[in-house]
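*Asks:* For reference, the chains in residue letters:
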Amino acid sequence: ETGVTQSPTHLIKTRGQQVTLRCSSQSGHNTVSWYQQALGQGPQFIFQYYREEENGRGNFPPRFSGLQFPNYSSELNVNALELDDSALYLCASSLGSISYNEQFFGPGTRLTVL
Amino acid sequence: GENVEQHPSTLSVQEGDSAVIKCTYSDSASNYFPWYKQELGKGPQLIIDIRSNVGEKKDQRIAVTLNKTAKHFSLHITETQPEDSAVYFCASMNTGNQFYFGTGTSLTVIP
Numbered sequence: 059e060t061g062v063t064q065s066p067t068h069l070i071k072t073r074g075q076q077v078t079l080r081c082s083s084q085s086g087h088n089t090v091s092w093y094q095q096a097l098g099q100g101p102q103f104i105f106q107y108y109r110e111e112e113n114g115r116g117n118f119p120p121r122f123s124g125l126q127f128p129n130y131s132s133e134l135n136v137n138a139l140e141l142d143d144s145a146l147y148l149c150a151s152s153l154g155s156i157s158y159n160e161q162f163f164g165p166g167t168r169l170t171v172l
Numbered sequence: 002g003e004n005v006e007q008h009p010s011t012l013s014v015q016e017g018d019s020a021v022i023k024c025t026y027s028d029s030a031s032n033y034f035p036w037y038k039q040e041l042g043k044g045p046q047l048i049i050d051i052r053s054n055v056g057e058k059k060d061q062r063i064a065v066t067l068n069k070t071a072k073h074f075s076l077h078i079t080e081t082q083p084e085d086s087a088v089y090f091c092a093s094m095n096t097g098n099q100f101y102f103g104t105g106t107s108l109t110v111i112p
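If you read the sequences in order, they're chains S and D.
Under this note's numbering, think of the first position of the first sequence as 59, with each following residue one higher.
Under this note's numbering, think of the first position of the second sequence as 2, with each following residue one higher.
Keep in mind that the hints were calculated from the coordinates and are not lab data.
Hints may be right or wrong, so weigh each one.
Residues of chain S placed beyond 10 Å of chain D at every Cβ, according to the derived structure [what the hints assert, rightly or not]: (1) Thr72; (2) Arg73; (3) Val77; (4) Ser91; (5) Asn113; (6) Pro128; (7) Glu133; (8) Asn135; (9) Gln161; (10) Phe163.
Keeping only pairs whose Cα atoms sit at most 20 Å apart, straight-line, the calculated SDA-like set for lysine to any residue is [as the list claims (entries may be wrong)]: (11) D:Lys43 to S:Phe118; (12) D:Lys59 to D:Asn98; (13) D:Lys23 to S:Thr63; (14) D:Lys59 to S:Gly98; (15) D:Lys43 to S:Arg115.
Glycine included, every Cβ here is placed at the ideal spot set by N, Cα and C.
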């Protein structure tokens, strides 16, 4: 059984660019949640996908968008990057749409916006 | 929206002593409260959780207590070991299945 994997591990972009981050769920999991973790802060919920449909969204602007594929892997897309988007982006997979099923986090993608 | 406050931000204890981390939340409808441990370079890992219909839960050296009336919950680690050193996050989940995390507590266990 493989755990949650994310790619790339590190990424440097400039302001105004677009970025795509990828996440592979743990085997058998059909729900993926994305979080933004600024340095020294707790993770902030961006959105959740359950069986390819968005199943909840946090307080993030529309330039943060996502996809979930039939194999339950997922992408986070961020358009028009801003300096404040620099953070660790975490995805977490779980089974089912109820969030108190245990979430398993990946190691994250460190995004730096210059 | 929900506001989760976590204290202290840093905590140092001697090996074998107990550590207590406290969190408060604002949304009385929140119904699930997990605790996560995050080690350097890794994602958070669930260590214990509690639902709103339970007042206390224990798993070996780790326990969580919940006071719904006061809207606070606490993590207790007994007989601390150096490998317990990490950043700990509390979180609450509202009825919309959204998680809100505290700002973290950096725990150092001194051998």
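*Asks:* Compare the structure with the hints numbered earlier in the document and write down the numbers of the violated ones, lowest to highest.
*Replies:* 4, 5, 9, 10, 11, 12, 13, 14 and 15
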